Amino acid sequence: MQTQEAIRPSITDKPRQNYLTNGYTIKSWLLTKDHKRIAIMYLISVSAFFMMGGLYAAAIRLELLTPASDLLESGTYNKVFTQHGILMIFFFLIPSIPAVLGNFLIPLMIGAKDLALPRINLLSLYIYWIGGGLVLFALMQGGVDTGWTFYAPYSTTFSNTYVMLVGLGIFVNGFSSILTGLNFIVTIHTMRAPGMTWFRLPLFVWAHYATSLVMILGTPVIAITILLLALERAGGIGIFDPAIGGDPILFQHLFWFYSHPAVYIMILPGMGVISELISNFSRKKIFGYEFIAFSSIAIAVFGFLVWGHHMFVSGQSMYAGLVFSFLTMVVAVPSAIKMFNWAATLYKGSISFDTPMLYAIGFLGLFLIGGLTGLFLGAMGLTVHLTDTYFVVAHFHYVMVGGQVIAYLGGIHYWWPKMTGKMYSEFWGKISAMLVFIGFNLTFFPQFILGYIGMPRRYASYPEEMQVLNIFSTAGASVLGVGLVMPLIYLGKSLINGKPAGDNPWMLPGLEWRTQSPPPTENFDVMPVVTWEAYEFGEENGLDLEAARRRDREMASDFQKN
Amino acid sequence: MAEHGTHDMHEQHEHEHMTIPKYLLIFGILFIGTIVTYLVALTDLEWIFPGANTLVALAIAFFKMTCVMLFFMHVYWSPKLVKLSAIASFFWLAIMFAYTMQDYLTRGTGVFGQ
Amino acid sequence: MATHVGEHNDHGHAHAPGLQHQFEDMKQQEESVSIGMWMFLVQEIMFFGGLFTAYLVFRSKYPMAFAVGSNHLDAFWGGLNTLVLIVSSLTMALTVYYAQKGNRNMQVILILLTMFFGAVFLGVKAIEYTDKWNHGTVPITGLNKVVREGHGDSHASKPIEFSIGPKAYAAEAAGGEEHAYVNPRGEFQWNDYDLIEKKVAEQKADPNAYILTTDEKNGYFSYGELDRDKFRDKVRIFYWIYFVMTGLHALHMVVGLGLMTWLGWMAFRNTYSAEYYMPVEMSGLYWHFVDIVWIFLFPLLYLLGRHFIAGGH
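Listed in order, the protein sequences are those of chains A, B and C.
Mapping of the first sequence onto the working numbering: position 19 corresponds to residue 19, and the numbering continues sequentially without gaps.
Adding 1000 to a residue's 1-based position in the second sequence gives its number in the working numbering.
Adding 2000 to a residue's 1-based position in the third sequence gives its number in the working numbering.
Calculated from the structure, these hints are not laboratory results.
Just so it is clear, the structure is predicted and the values come from calculations on it, not from any experiment.
Yeah, the Cβ is synthetic: ideal placement off N, Cα and C, and Gly gets one too.
Among the clues, some could well be false.
What the hints assert, rightly or not - As a list, the in silico PhoX-like pairs of lysine-lysine whose alpha-carbon atoms are at most 25 Å apart: (1) C:K2101 - B:K1022; (2) B:K1083 - C:K2027; (3) A:K113 - C:K2027; (4) A:K33 - A:K422; (5) C:K2204 - C:K2217; (6) B:K1080 - C:K2027; (7) A:K33 - C:K2101.
Said to hold, decoys possible - Sample of chain A residues lacking proximity to chain C, with all beta carbon distances greater than 10 Å (derived): (8) M51; (9) H253; (10) R283; (11) K285; (12) S425; (13) K430; (14) K499.
Excised from the complex, chain A in its bound form:
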């Protein structure tokens, strides 16, 4: 029976044709329609942008070691944090999991040969490169200093930096996002294998469906906002200028209408990865499948109703603030539902602490803190004290880095054997996961305290008494930096002389594990017909727990040998 054979972790004796060996020329990569190759090209690109954003982060933390604005003067510091934000948000976080893991895995998980619109997929990659190229060019010319939020009237009237050029780059990049989302929605609707009903889909796919909804409905609004910004700047119109009757708050409304749902683009895919990791590394069917699936959709929908919580103190009406505050509390509920379900999945599971699982467990703790502090910020009274302080900075880093980046790393490690056919060093994987967790907490937890005692964000200098906490934060950042650079080394090394992974090294029932590692270009030798439920672990499926335990013992002795 198909399930029986597919669970075995077969090491292939003879190398078979796979998507990596199917053509070695540059042209075969740059003109490919294969979603897996496109995913790998995205992987390289987003990693490059991540490193660049990380360098800017290093500059910020170095400057903040001392209270005075000595390493960077204020104008330069403004550029540094702006560019850190732009590169990280638009060019790393938003594409990361969807464009890399989503592109690679969704067709595999649903049993299809490719995405529904492969040429659109390639176009989205090209557009990403063009947008990124424009922004990089602008940064080299002198950059932009308005903050990644580009608020009018500074960005439209007073800033003397390359606002329009960077805006153009982000505008172009938005279409990359839209096309990816469009492709996923079509694919998930029309390309599922026979027998793959909606409720047999892995939760990773549900999460990406919800993310794609947000991408399609939200991204065009930032596009029009940037267009209005650029026109205002170029033509001196004044639509955001109160002196002639315009309204700067209108800019904020239009901006945050996208940018709030954008943060859900920057967490939902991560939650999808975590559902996979938690279930698979507990060898237990996920608790509350339908609840998690529907809560992803609920987050996507409700996420559009709360954007005003970024504008509580900006001059919007108090009543609007009340409505947005209430809805912010409501939108936390689906996320909480997921957390409870994940915890319930762990209960009585057969947990193995492989590197991806370490990342997943880290996510649970860090996202919890990030999510809760978001509620603090959503409460109107407290937000007046905390707005524009480091509390906000700590909050969003907990959810974006502690959430999405950790999930992204977990996913990369989990699916690395599938994507490359090689296993990385488990020892170094575990070390780096722990360094990331420790470094991250040391960096950002002090920032909650700093924010509460009043350190404003986006300032290059601060009062003397806040220096100690800032030093902790910078120290943590160095540890975090080491932890984030290490995967480059050991994952890279695994490509050269890593142990060949079999088709199913973790011994799991998912559809993506039932084909070669790396997969052939058309994904499956025989197109599958799905007759089993998602996350179906059980003796009757031929999933031998004893074999899994034997493997764990082997790995433990490997660890000691290293």
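Knowing the structure of chain A, use the given hints to seat chains B and C on it.
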């Protein structure tokens, strides 16, 4: 031939449902709708309630849009997903309008206003 | 699945014309392409939606300025454009009809007609925009013939004076985007204050009546009197919204014409038939969408305040 069998049903629908006379009928409705919009805009309806002119103009525009969507864009015979997408996008527009306006319309009002 | 020996033996069936490799059959391809196109249209609706939001915000703040500005747009050209687009929608729908029937000649004729009407639309827009250029109602500094050729009248806007910031920034515009500060008032030309003066008088006669909105009561007045410069600023905002909305729409129209050129060429080569006509249907969806946007733009931009002129209250 067997390979045609699966998609015949799909476009035969449109073969049967929209014929040239029906296209011309919808066109006629749209044409008249435009004339009506123009003429109604010239007459003052503000005595009914303030904003009546705008409401009537928008109502006619909605009606014209519905005709174009259902019959020219074949949404009437499209799968449910397409119908849902069309409706959902207007729902999202409504969210954007309503939640933005709730700020502008409540500024300076009530307990917290001047 | 029929088991013909086609070009691709690995799948064991001949491919219908235009079937792409990732699809099992034509029906799946049609379904996918259709959903994909509708997702794109959803995205386009939200794109224009941002502009409609801006329109909504400013119209609710300054309805009189919007009414006055709207009355100076030529509703004849606007109405003609609406009719032209409706006709082009008809020819587009008929193109799809004939594509399904595989009638090459009718397809090409109808595509050419659609393009003709699209071009007429753009021509009328060019007439309108030129008219604005001639009368100085383009809200961008430097894009008004009247001012460029020095025929600006004494009603030209006074510049806004700021005590800090912009002038200094303009002076030190080294690096950056050649960004000299532009006075937001520009050289917008406007002379028609009849309607607003009438309304101001009515409001003053009855302070409790809802003639002007709160924003208007703050925004049009200086020291209790109607300030023409401030009123003109709001009319200028209306014209700005008019240009951006119709400009973006016209841009979509140009893209549509490009699409029609490609489609016309493919239809000429007899590519479309009952088995394979989705590209025509999808292009039709785009064209109808552009038509629908105009169906809303016309009353909202051109017909706002006509009832005032027609002898209303």
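Here is how each hint holds up against the structure:
Taking the CA atoms of C:K2101 and B:K1022, the gap is about 17 Å. The hint holds against a cut of 25 Å. Taking the CA atoms of B:K1083 and C:K2027, the gap is near 18 Å; set against the 25 Å cutoff, the hint holds. Distance restraint check for A:K113 and C:K2027: the Cα-Cα separation of roughly 16 Å lies within the 25 Å cut-off, and the hinted pair is therefore satisfied. For a cut-off of 25 Å, the pair hint linking A:K33 to A:K422 stands: about 24 Å separates their Cα positions.
Distance hint between C:K2204 and C:K2217 is fulfilled; the C-alpha atoms sit about 11 Å from each other, no more than 25 Å. About 16 Å separates the Cα atoms of B:K1080 and C:K2027, which keeps this hinted pair within 25 Å; it holds. Using a Cα cut-off of 25 Å, the hinted pair A:K33 and C:K2101 is violated, with the two alpha carbons roughly 32 Å apart. The Cβ of A:M51 sits about 26 Å from the closest Cβ of chain C, beyond the 10 Å cut-off, so the non-interface label holds.
Not every beta carbon of chain C lies more than 10 Å from that of A:H253, the smallest distance being close to 7 Å; the non-interface claim is violated. No Cβ of chain C comes within 10 Å of the Cβ of A:R283; the nearest lies about 33 Å off, and the non-interface call holds. In this structure A:K285 is separated from chain C by more than 10 Å, as the shortest Cβ-Cβ distance comes to about 30 Å. Every Cβ of chain C is farther than 10 Å from the Cβ of A:S425; the closest lies at roughly 36 Å, confirming the non-interface assignment.
Look at A:K430: its CB is around 39 Å from the nearest CB on chain C, clear of 10 Å, so calling it non-interface holds up. The claim that A:K499 is not at the interface with chain C holds, since no C-beta of that chain comes within 10 Å of its own (minimum 33 Å).
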